[in-house]
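Protein chains: 2
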Amino acid sequence: MSTRTVIGSYLSPYVRKLLAVMNLKGLDYRIDPIAGFFGSDAFSELSPLRRIPVLIDDQLTLCDSTVICEYLDERYPQPALLPSSAADRARARWLEEYADTRMGEVFIWQLFYQRAIGPRIFGQTTDEAALQRALEVEIPQVLDYLERQLPAEGFLFGASLMLADIAIAVHFRNAAFLRWQVDAALWPRCAAYVDRVLAQDCLARLRPYEEHMLRVPVTEQRAALAAFGAPLSEETWGGQTPRRGLMKI
Amino acid sequence: MSTRTVIGSYLSPYVRKLLAVMNLKGLDYRIDPIAGFFGSDAFSELSPLRRIPVLIDDQLTLCDSTVICEYLDERYPQPALLPSSAADRARARWLEEYADTRMGEVFIWQLFYQRAIGPRIFGQTTDEAALQRALEVEIPQVLDYLERQLPAEGFLFGASLMLADIAIAVHFRNAAFLRWQVDAALWPRCAAYVDRVLAQDCLARLRPYEEHMLRVPVTEQRAALAAFGAPLSEETWGGQTPRRGLMKI
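Chains A and B supply the protein sequences, listed in that same order. Under my numbering, the first residue of the first sequence is numbered 2, with each subsequent residue one higher. Under my numbering, the first residue of the second sequence is numbered 2, with each subsequent residue one higher.
Source of the hints: derived by calculation from the structure; they are not laboratory data. Hints are not guaranteed to be accurate.
Computed spacing ranges between beta-carbons, pair by pair [as the list claims (entries may be wrong)]:
#1 206(A) - 220(B): 55 to 61 Å
#2 127(B) - 244(A): 26 to 32 Å
#3 225(B) - 206(A): 34 to 40 Å
Predicted, not measured: the structure shown is a model, and the values here were computed from it. Beta carbons: idealized from backbone N, C-alpha and C, even for Gly.
Use the sequences and the hints to build the structure in full.
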């Protein structure tokens, strides 16, 4: 059995980023597929901000997808997650930060929250004005920015898929869960790039589990994934009721 | 004249982190000391989330204090900003992330915002309930966490000051501007550690400029700093009116 455990939902973009990185590097893992916001008290001890993912391995227990991915890249350098020159590495880290924070804000904490998390997890009514603002103003601003940054072919730093590519693309999977997709007439580079990145094996391999989780209620997800053959951990840090994290991102 | 320009206020903890790192590494710079929230349209082009600091050097224009510090550490490795083992580096990056986000949230976006930024920059009334919650619940939670992480002597990773130490300590300077300090009876390790880190030359050297800026209105800060001998840039990205950023942190 793997010595690595990942705590976190297949539906979280930050968990997806980590799992794709582990797939890319050929690192095996077991997953405790707790739903976002459903961590237990023991989970709060591991993740002080109640964020997912958490990685537990033979050396440490670690929070924050960016920090975890940099750790794995230092311990298992091939294939590299960052380009080689200091300037390119800086640009890669900035684009990952932009994806984690700004794309997280609009795609997850506006679009996905208003349409899925709020109503389904917290029983809230969708804030239609906030949703419209996300769809008509904020997401287009993000796509305009990305359209200027993304390459017409290949990936951000050439022919090899790297961390910044994964960090950007994972948010579009959550949008796809809601049947939203990039308008290729308005943002052609972005639309083609997202399709290209999400088709990579390290991400495509996660799709069956994601789609499986979308179909069953939170309380039945672990059992459903077990029946489906997901690499589940024995221990769980899942709780019975949802709680908000201290930090959104 | 230096080929490096830093855009950002001496009163921002994230700018202070970067300037302390540059002092520690002996890297010279010119500063455009724009007040937080007062960037021009040209500033928005450089910093899409309207965050400070921004670094401009001979190779790139870069946002995000963490990304900038990692870039400088890769180009100018001595003295090192991160410890050597992968596990220690991961813990260092996590503590920096905790400082940037959670400490930023409570010390800057609750305490400092309610007492200083809101009233002075945006003409808002202090939300006394939010302020009390920060002082009585949120800040004590952060201090409880830090008290378990911080060393009784020296710095987080031994005898050398590193990035995580700086990232944590800078927030306590903003608290000190409001005459708030750690209660050494309740959090003795934290109180001693903060004093120890802030007394380091790379941070102590910034104090005269910080104190100078606290005494003059936003519109007079550049002229006052020039008269005081601060290493000012020729160009400025400052605007005339405050605008909120897209992201808090």
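Status of each hint after checking the structure:
In this structure the supplied range 55 to 61 Å holds for residue 206(A) paired with residue 220(B), their Cβ-Cβ distance being about 57 Å. With their beta carbons about 28 Å apart, residue 127(B) and residue 244(A) fall inside the hinted range of 26 to 32 Å. As the Cβ distance of residue 225(B) to residue 206(A) is approximately 59 Å, the hint placing it in 34 to 40 Å is violated.
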